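These protein sequence lines map, in sequence, to chains C and B.
Under this note's numbering, the first sequence is numbered contiguously, ending at residue 200.
Under this note's numbering, the second sequence is numbered contiguously, ending at residue 200.
Treat the hints with care, as some may be off.
Which copy is meant is left open, because identical chains are indistinguishable; a pair holds if it fits in one copy or across any two.
With a straight-line cut-off of 25 Å between C-alpha atoms, the simulated SDA-like cross-links for lysine to any residue are [claimed, not checked]:
{"id": "1", "residue 1": "K42", "residue 2": "G82"}
{"id": "2", "residue 1": "K176", "residue 2": "N5"}
{"id": "3", "residue 1": "K7", "residue 2": "F104"}
{"id": "4", "residue 1": "K176", "residue 2": "L197"}
{"id": "5", "residue 1": "K185", "residue 2": "D44"}
{"id": "6", "residue 1": "K185", "residue 2": "F169"}
{"id": "7", "residue 1": "K176", "residue 2": "Q106"}
{"id": "8", "residue 1": "K25", "residue 2": "L69"}
{"id": "9", "residue 1": "K117", "residue 2": "T85"}
{"id": "10", "residue 1": "K185", "residue 2": "E196"}
{"id": "11", "residue 1": "K185", "residue 2": "T4"}
{"id": "12", "residue 1": "K185", "residue 2": "L139"}
{"id": "13", "residue 1": "K176", "residue 2": "T199"}
{"id": "14", "residue 1": "K7", "residue 2": "P177"}
{"id": "15", "residue 1": "K117", "residue 2": "E171"}
{"id": "16", "residue 1": "K141", "residue 2": "V168"}
{"id": "17", "residue 1": "K141", "residue 2": "L197"}
{"id": "18", "residue 1": "K176", "residue 2": "V195"}
{"id": "19", "residue 1": "K7", "residue 2": "I179"}
{"id": "20", "residue 1": "K176", "residue 2": "D44"}
{"id": "21", "residue 1": "K141", "residue 2": "N107"}
Source of the hints: derived by calculation from the structure; they are not laboratory data.
Keep in mind that this is a model prediction, so the values were computed, not measured.
Protein chains: 2
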Amino acid sequence: METTNIKRLRDFVTAFASLLDQNPKEPEILEKGSELLRELIKTDDWLPNEFAQPHPQYYQQYLLHSDSLERFSVVSFVWGPGQTTPIHNHTVWGLVGVLRGAEFAQNYQEQEGHLLKSGNVETLTQGRVEPVSPTVGDLHKVSNAFDDQVSISIHVYGANIGAVNRSVFYEDGSSKPFISGYSNKVIPNIWDRSVELRTN
Amino acid sequence: METTNIKRLRDFVTAFASLLDQNPKEPEILEKGSELLRELIKTDDWLPNEFAQPHPQYYQQYLLHSDSLERFSVVSFVWGPGQTTPIHNHTVWGLVGVLRGAEFAQNYQEQEGHLLKSGNVETLTQGRVEPVSPTVGDLHKVSNAFDDQVSISIHVYGANIGAVNRSVFYEDGSSKPFISGYSNKVIPNIWDRSVELRTN
Ligand SMILES: [Fe+3]
Ligand SMILES: [Fe+3]
Ligand SMILES: [Mg+2]
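Please construct the entire structure, taking both the sequences and the accompanying hints into account.
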């Protein structure tokens, strides 16, 4: 693996865990968590290449960290050119922060068994952070804004998101169960602080 | 990576985190934690090969899990034939459980600036769990009991052990600072429960 500034990810995990350790309510998590995520994605020098690889057919979801009690997880989403998610929900709070490239996000709401677009397509450029949750709006579809380059966003969720029972939705309002899993068998070791410690 | 029963490691991490979440005192951590570790090492079908590889010269320390706030860590120690640690301390509680092979453990105590052997060499066979800590005895030297095969033990510590400021000691009582770090750049993703969940 190439040398990356993995300390940024470690500091983010530590800060997010400290925030959640105070048992804040969702609005505070979304507000303070967004600040932390904005800081993380401001500089694109820390994500190991192994967790930035697109797949020719499918968008990839690389787990970067899960809390011991699955209180939160951090995931790298990698979209190849033109790739898109289905319309889906989360059932827990989440934050989406664009690290590389740009994404289109379309929100939806359910009304009398039908799905309606909620607002216009938003273009999320590098550095933007957007929340999702059953409270602030939980249904969306996210796409790579580019058809000729990879886009990557870093997501944080209030659960081990790959193991959450969720749903994908179709325009006619029908849905089916969805458990995303993860694309990776190994995650980065962000915890080796020995080089830094020996230097200090 | 080969298929392994990684669920055992995930269940161990979850159970250990739940134990620590109740803020138990050290004796309870050592007692209940030993039970959990004995259960984990009873069956040798879950450690991915990548984290069971010896090095020709050095014993290896593969991080398997670190808690978000570094409250505990789980590490796979892999000894090649005849390999040994120096005499060292931990400064935090720890549990050593032998998963594969066998190990020799010699405890030490410091007395008037000298190191004295404390008890005889113990042979830790597969399935044995031993505690360390400043309270119950923090100085020891651990060796592979075999000169012709690999031995592996699974360790749990009350910190991110690779980043702890520790010491190695010499028989004359002198010591030098020691920060172990880790041998691995990636750790196992123990959090993908999607296959199990879809089957249920
Ligand atoms: Fe989403
Ligand atoms: Fe030790
Ligand atoms: Mg918005």
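These are the hints, each one checked on the structure:
1. Proximity of K42 to G82 under the C-alpha cut-off of 25 Å is restricted to the intra-copy arrangement: shortest distance 24 Å within a copy versus 48 Å between copies.
2. Neither within a single protomer nor between protomers do K176 and N5 lie at most 25 Å apart by alpha-carbon distance, with minima of 40 Å and 29 Å respectively.
3. Within a single copy, K7 and F104 get their C-alpha atoms no closer than 29 Å, and across copies no closer than 36 Å, so neither meets the 25 Å cut-off.
4. Only between protomers do K176 and L197 lie at most 25 Å apart by alpha-carbon distance; the minimum there is 15 Å, versus 49 Å within a single protomer.
5. For a Cα distance limit of 25 Å, the shortest separation of K185 from D44 qualifies both inside one copy, at 23 Å, and across copies, at 19 Å.
6. Taking the closest pair of Cα atoms, K185 and F169 never come within 25 Å of each other, the shortest separation being 28 Å inside a single copy and 38 Å across copies.
7. For the homomeric pair K176 and Q106, the shortest alpha-carbon distance inside one copy (19 Å) is at most 25 Å, but the shortest distance between copies (59 Å) is not.
8. In this assembly of identical chains, K25 and L69 lie within 25 Å of each other by CA distance both inside one copy and across copies; the values are 18 Å within and 20 Å between.
9. For a Cα distance limit of 25 Å, the shortest separation of K117 from T85 inside one copy, 15 Å, qualifies, whereas the shortest one across copies, 62 Å, does not.
10. For the identical chains of this complex, K185 and E196 are inter-copy neighbours only, at 15 Å across copies versus 27 Å inside a copy, given an alpha-carbon limit of 25 Å.
11. Within a single copy, K185 and T4 get their C-alpha atoms as close as 20 Å, and across copies as close as 11 Å, so both meet the 25 Å cut-off.
12. Neither within a single protomer nor between protomers do K185 and L139 lie at most 25 Å apart by alpha-carbon distance, with minima of 28 Å and 36 Å respectively.
13. Taking the shortest Cα distances, K176 and T199 sit within 25 Å of each other only across copies (15 Å), while inside one copy they are farther apart (53 Å).
14. Taking the closest pair of Cα atoms, K7 and P177 come within 25 Å of each other only across two copies (23 Å); inside a single copy the shortest separation is 37 Å, beyond that limit.
15. Taking the shortest alpha-carbon separations for K117 and E171, only the intra-copy value of 10 Å comes in at or below 25 Å, while the best inter-copy value is 73 Å.
16. For a Cα distance limit of 25 Å, the shortest separation of K141 from V168 inside one copy, 10 Å, qualifies, whereas the shortest one across copies, 55 Å, does not.
17. For a Cα distance limit of 25 Å, the shortest separation of K141 from L197 across copies, 24 Å, qualifies, whereas the shortest one inside one copy, 43 Å, does not.
18. Only between protomers do K176 and V195 lie at most 25 Å apart by alpha-carbon distance; the minimum there is 17 Å, versus 48 Å within a single protomer.
19. Within a single copy, K7 and I179 get their C-alpha atoms only as close as 30 Å, which misses the 25 Å cut-off; across copies the closest is 17 Å, which meets it.
20. Taking the shortest Cα distances, K176 and D44 never come within 25 Å of each other, neither inside one copy (36 Å) nor across copies (38 Å).
21. With identical chains, the CA atoms of K141 and N107 are at most 25 Å apart within one copy only, with a shortest distance of 7 Å there and 59 Å across copies.
Hint compliance for this structure: hints 2, 3, 6, 12 and 20 are not met, and every other hint is.
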